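Given the sequences, and given the hints that come with them, work out the whole structure.
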Amino acid sequence: MTDSRAQQPARVQLRERVWSVLAEIGAAGADPAVRYGIKFGLAGIIAIFVSLVLRLDTPGWALFTVFVLMTAQFVGAIAEKSFYRLIGTVVGGVLGYLLTGSLEQEPILYLALLGLVIGGATALFGQSRSPYAFFLCGMTTLVVASNGMHDPATSWTFMLARIEEIFIGIVVVLLVQSLLWPRYARIEFMGNLYSAFGDLRTCFVDAPGLRADESPGGGAVRAQDFPARITGLRQLIEFGSRESHYFRAKLHIFYDLTACLGKIAYAIGTLREPIRPDSPYRIHAGRQAEAIYLALGDALGDLETGHSTSESRQGLRAGLESAFRALDEAFLDMRAKDLVKAIPASQAMNLGLHVLALDEIRSQVERVHALIDQLDADPLSKEKSPVPAAPPWPPPFWIKAGIKSGVAVMVAMMIANWLNPPGASMFILGAWLFTALNAASPGGQGDHRAFHLIPSIVAALAVMSMALIALSPMLSSYAVMNTIIFGWLFLWGYHSFKTRGMTLPMQFAMLVIVGILGLNGQEPVPFQSIVNFFFGLVLALVVSSVLQRLIWPSLPQWEARDRFVEMIGICRKLLAREAMPLWLKTRLALIPGEVGARLPHLAPPICPDGEAARLAALMQTLVNLGGNLSVSLDRIKIPEGRAASGKACLAAIENLLSDGLGAIRQGFHERPSQPLDEGTVQTALQNLRDWIAETRLLLLAQNGPPLESARLAGFGERYVLLATDLLDAQRQFAKLQLPLYMGDFSL
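Number 540 in the numbering used here belongs to position 540 of the sequence shown; there are no gaps in the numbering.
Honestly, I wouldn't trust all of these hints.
Unchecked claim - Distance condition first, Cα-Cα at most 30 Å in a straight line; then the derived BS3-like pairs of lysine-lysine:
no.	residue 1	residue 2
1	647	341
2	400	573
3	341	637
4	647	637
5	637	337
6	263	337
7	585	400
8	637	735
9	337	735
10	647	585
11	735	341
12	573	341
13	637	573
14	585	341
15	585	573
As the list claims (entries may be wrong) - Cβ pair distances, simulated, as ranges:
no.	residue 1	residue 2	range
16	644	191	45 to 55 Å
17	546	666	50 to 60 Å
18	396	452	37 to 47 Å
19	700	565	22 to 32 Å
20	57	376	47 to 57 Å
21	396	106	27 to 37 Å
22	565	338	46 to 56 Å
23	600	180	32 to 42 Å
Since the hints were derived computationally from the structure, they do not count as laboratory data.
Since the structure is predicted, the reported quantities are computational estimates derived from the model, not experimental observations.
Heads up, the beta-carbon is just placed ideally off N, CA and C, and yes, glycines get one too.
Shown next, in the form of structure tokens:
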């Protein structure tokens, strides 16, 4: 008994340790990346199992389907990708058969048409409304052509086999993604939408304001980064539209909700400077302003809960109306006491900026309430859905990628026919994939390190090949083969979930696992097959790296420059009041993230020390400028009798903005440009300030609505912010050292 009692604490500790380990495993299982890895592994081994049961010759193609389809993590997106993949596979198989069976004896025409098909498919994969149909069309055409080039008469067998195995992969992925931890974009959209309102509330509370308490002021800066959040929400809308007819019928409402989020964020982002504590506005209207801040915070908090009711929304709107009425009365009281006229115009414009922001946030909250009321209504809306956020034609980046891919395929086909290297089919497929996808990998380095990666990848591939030689007898065991494949796919899925895309090492890993499976360990694997597998991938890496660096290399500094130029172009389109489609407006939110992905690679010896930080600061200034333009232009209500002079003041500043942005764009193209004279800008701003001051006094003399004069002053201050951002952008651009690295062609 004594011994038993002495051992009790050890058993308790062991039991607690076991429960702790189980809890850690459960917590890991709740990690979305872990779940995604598990689903990836299960889909792979089920696809392989079905292919082997049906005695299909190339189970690797079913596994390749798993790789491609599983990158779409939402049920609706996978269903659409599956449909497009099947269509693309059929069309690509027919094209590959027709080209190989009819024109293989006409090498020049054959290679030209094959390169055209592959290049066009690659370009449209990069930017189209049905990207995976084009991707699979190009891939299937290439697979049929590369496998049937030595015996064109049998190329139709590769076409049929590929269609069969693609179909198996599609069915398996649909089942796994639908039954095991399914993700629905429409559900995640609603959750992220509520969370966005909560984050905006936090930004609003932290923004400097008109209240008696002093706010930290960081909320305005955080709100300026909100466009990228809105872009993510709109992507969820696109995916959700493929999951539910009801959701699709309400698309216009969801897009309007995200537009409201953007306008609220822009309004908060303008609250950069607080009202001075000794300002008469703080002294005589601070309490009323505090009530507005509390009411707006409550309204955003109500939207954050996701359980807002019609009654609660109506009460919040009534509270907002009462708070703004109290502020209006406070301003009337200040005017009656003759306190307003003595306030300097600069303080009035700063106050107007804050009042304008509060008023815009209120109007957007009311708009959100109206949209939610529409969502709650039973009848389905018959309005047309918005145009998808994709341009009608591929951008220059993907057109170049398509041309490079077409050239890579033609070169690989010529080498395969001329030299007959080992692993010809893997070599041709790898040359296309590495050339087409590497420049667009999520790492942002483009083709910069194409050659640097070859030694490390070749070394890793050599180790894998030797291990494959040693382990090939063990692969005849289903248990061993499935364990290896599941583990490999789990790691691939886990990392692809984190990176949101395929880096070059991940592309290599994908081809390795597909190639190993293609060796079919259920039969004796000849040594020559492993050698072919090794040399096919190595040769593909070498050829694609050479072509990537010789034909329009995608270097991070050039890609960043092109996006700066694109951002400036969009800002100038806003100034010119040009109508822009949804996909172009979305670029305002996407460009900063794309530049940010490339900045870590702009370090010595590529760029001078600190250049990446200077570029980041310039991009943030352009983001602020673009956001301010989108909510400020054509919004000033000019009183009668002051229209001509007011429009002249605004037009002068807008022309200066356009000229200044044009000069920066020319500088990025290394063309001579003349930056704006700051004295000229300050003169235009002073003219605007004088006009605002005179117009404000006129409105006060006419006893117009106090908030109307505040809004007028607020819009004037927004133009001041625009000009200030432009001058900041000019100074930041002048500090860049573009000639030192924009002409870099080093390999």
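Here is what the structure says about each hint:
no., hint, in the structure
1, 647 with 341, "24 Å, holds"
2, 400 with 573, "25 Å, holds"
3, 341 with 637, "21 Å, holds"
4, 647 with 637, "11 Å, holds"
5, 637 with 337, "27 Å, holds"
6, 263 with 337, "35 Å, violated"
7, 585 with 400, "23 Å, holds"
8, 637 with 735, "39 Å, violated"
9, 337 with 735, "50 Å, violated"
10, 647 with 585, "26 Å, holds"
11, 735 with 341, "43 Å, violated"
12, 573 with 341, "39 Å, violated"
13, 637 with 573, "22 Å, holds"
14, 585 with 341, "41 Å, violated"
15, 585 with 573, "10 Å, holds"
16, 644 with 191: 45 to 55 Å, "51 Å, holds"
17, 546 with 666: 50 to 60 Å, "34 Å, violated"
18, 396 with 452: 37 to 47 Å, "26 Å, violated"
19, 700 with 565: 22 to 32 Å, "45 Å, violated"
20, 57 with 376: 47 to 57 Å, "55 Å, holds"
21, 396 with 106: 27 to 37 Å, "32 Å, holds"
22, 565 with 338: 46 to 56 Å, "53 Å, holds"
23, 600 with 180: 32 to 42 Å, "35 Å, holds"
Checked against the numbered hints given earlier, this structure breaks hints 6, 8, 9, 11, 12, 14, 17, 18, 19; the rest are met.
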